[in-house]
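The listed protein sequences correspond, in order, to chains A and Y. FYI, this note's numbering numbers position 44 of the first sequence as 44, with every residue one higher than the one before it. FYI, this note's numbering numbers position 108 of the second sequence as 108, with every residue one higher than the one before it.
Just so you know, the hints here were simulated from the structure itself, not pulled from any lab data. Fair warning: there could be bad hints in the mix.
DSS-like, lysine-lysine: derived pairs with alpha carbons at most 25 Å apart [as the list claims (entries may be wrong)]:
id, chain 1, residue 1, chain 2, residue 2
1, A, Lys9, Y, Lys104
2, A, Lys70, Y, Lys3
3, A, Lys57, A, Lys71
4, A, Lys71, A, Lys9
5, Y, Lys69, A, Lys57
6, A, Lys9, A, Lys70
7, A, Lys57, A, Lys70
8, Y, Lys104, Y, Lys3
9, Y, Lys69, Y, Lys104
To be clear about the criterion: a stretch of chain Y counts as covered by chain A if any three or more of its residues have a C-beta under 8 Å from a C-beta of chain A, and this derived list gives those stretches [said to hold, decoys possible]:
id, segment
10, 53 to 61
11, 64 to 78
Given the structure is predicted, the values throughout are model-derived calculations rather than measurements. Here a beta-carbon is modelled for each residue, glycine too, at the ideal position from N, C-alpha and C.
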Amino acid sequence: NAGVTQTPKFRVLKTGQSMTLLCAQDMNHEYMYWYRQDPGMGLRLIHYSVGEGTTAKGEVPDGYNVSRLKKQNFLLGLESAAPSQTSVYFCASSYSGGLVGDTQYFGPGTRLTVL
Amino acid sequence: DAKTTQPNSMESNEEEPVHLPCNHSTISGTDYIHWYRQLPSQGPEYVIHGLTSNVNNRMASLAIAEDRKSSTLILHRATLRDAAVYYCILRGNSNSGYALNFGKGTSLLVTP
């Protein structure tokens with residue numbers, strides 16, 4: 001099992017450019033999440049999905065869009081990148097979501113710099 | 001939402017036990033206590049969780065106070081690989097939503 005994988009690992013963008021981050025999981029999990037982590041801070045939820053074809057906003061959704069066309073994949077898009085979106089992005093998945101015993105499994109992260 | 005309080009940093013010698021404290025004085029009866037850790041330049045990983053009783057797994061032990069207002073993550077023999085930021089997170093009816101509220105955690109330094 002590869003667990004949760006993220007592509008790419010690093011990316012540098014210019015302001016206004018667009019890109020898509022790909023997250024894939026091979027654990028047959030229903031729930032998937034995108035977080036961002038800024039220096040010296042904890043993770044904040046951007047968007048999440050409770051199943052194939054569904055998405056919902058998290059704590060900091062502005063400037064991002066997501067899609068979950070296949071159960072194993074969760075895509076995070078930046079339509080017009082801004083320097084404030086410079087961050088490390090983590091994808092996670094879980095079998096059940098929002099429940100007390102739920103364990104989230106995280107990917108290795110994508111380090112994004114917007115110039 | 002119930003909040004947790006952890007020391008900003010702790011230091012331990014290699015091969016010695018480490019006790020990482022977490023205060024959660026406003027915990028509700030249905031909140032589980034979860035611990036995650038984040039090694040340098042990696043994503044967070046689950047460590048352990050519990051409700052009322054002490055819990056053990058291959059990574060660590062979780063000791064929960066009788067009044068549940070505090071808990072302690074115990075690493076029995078710290079290794080250099082245990083140097084990480086450790087997060088104490090409450091999950092339950094008083095903490096609705098899908099996000100894990102990581103806070104700032106405790107940065108553990110392990111010295112040889």
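Which of the numbered hints are not met once you compare them with the structure shown?
2, 5, 10, 11
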